[in-house]
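Undergrad: Sequence:
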Amino acid sequence: MDKRSQEERARDGLKTRREVLGAEYVDKAMAAVDDFNAEFAELLNTYCWNDIWNRPGLPRQTRSMLNLAMLSALGRSHELKLHVNGALNNGLTKEQIREVFLQVAIYCGVPAAVESFRCAREVFRERGV
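The working numbering puts the first residue of the sequence shown at 1, with every later residue one more than the last.
Do not rely on the hints blindly, as some may be mistaken.
[Said to hold, decoys possible] Derived pair list, reagent style SDA-like, types lysine to any residue, alpha-carbon separation capped at 25 Å:
#	residue 1	residue 2
1	Lys81	Phe124
2	Lys15	Glu126
3	Lys81	Ala23
Hints listed in this document are in silico derivations from the structure and should not be mistaken for laboratory results.
The task is simple: from the sequences and hints, build the whole structure.
TA: Okay, here's the thing in structure tokens:
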């Protein structure tokens with residue numbers, strides 16, 4: 001377990017979150033933090049983006065592939081688009097993302113893959129990929 005202070009872990013998690021999802025998106029999300037969701041934002045930055053994403057056991061590309069598959073299986077299109085962007089930021093290619101979604105088609109069903117491919121194409125178009 002990370003012995004650093006919660007503040008240090010949250011700071012490092014926020015740095016990783018900005019690197020993966022993009023500074024513009026994260027800055028906008030952090031600007032929307034208020035009394036109602038402040039603890040949730042701290043939880044995301046500390047536990048998700050530091051304690052998990054910064055673990056040495058898996059490279060960021062692998063974590064991105066896992067997120068793409070899980071979000072596809074759950075049908076979370078908004079988050080999936082966000083993480084397609086993150087996967088590209090982490091160095092995944094269109095071909096690797098396609099392979100993840102082909103696997104999704106077999107293990108999670110064709111409708112999940114159809115939606116995943118649609119989401120990815122939107123992101124590719126927006127980014128000019």
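Undergrad: If a hint holds in the structure, say so; if it does not, say that too.
TA: A quick look at each hint next to the structure:
1. Of the supplied pair hints, the one linking Lys81 and Phe124 holds, its CA atoms being roughly 10 Å apart against a limit of 25 Å.
2. About 24 Å separates the Cα atoms of Lys15 and Glu126, which keeps this hinted pair within 25 Å; it holds.
3. At roughly 16 Å between alpha-carbon atoms, Lys81 and Ala23 fall within 25 Å of each other, so this suggested pair holds.
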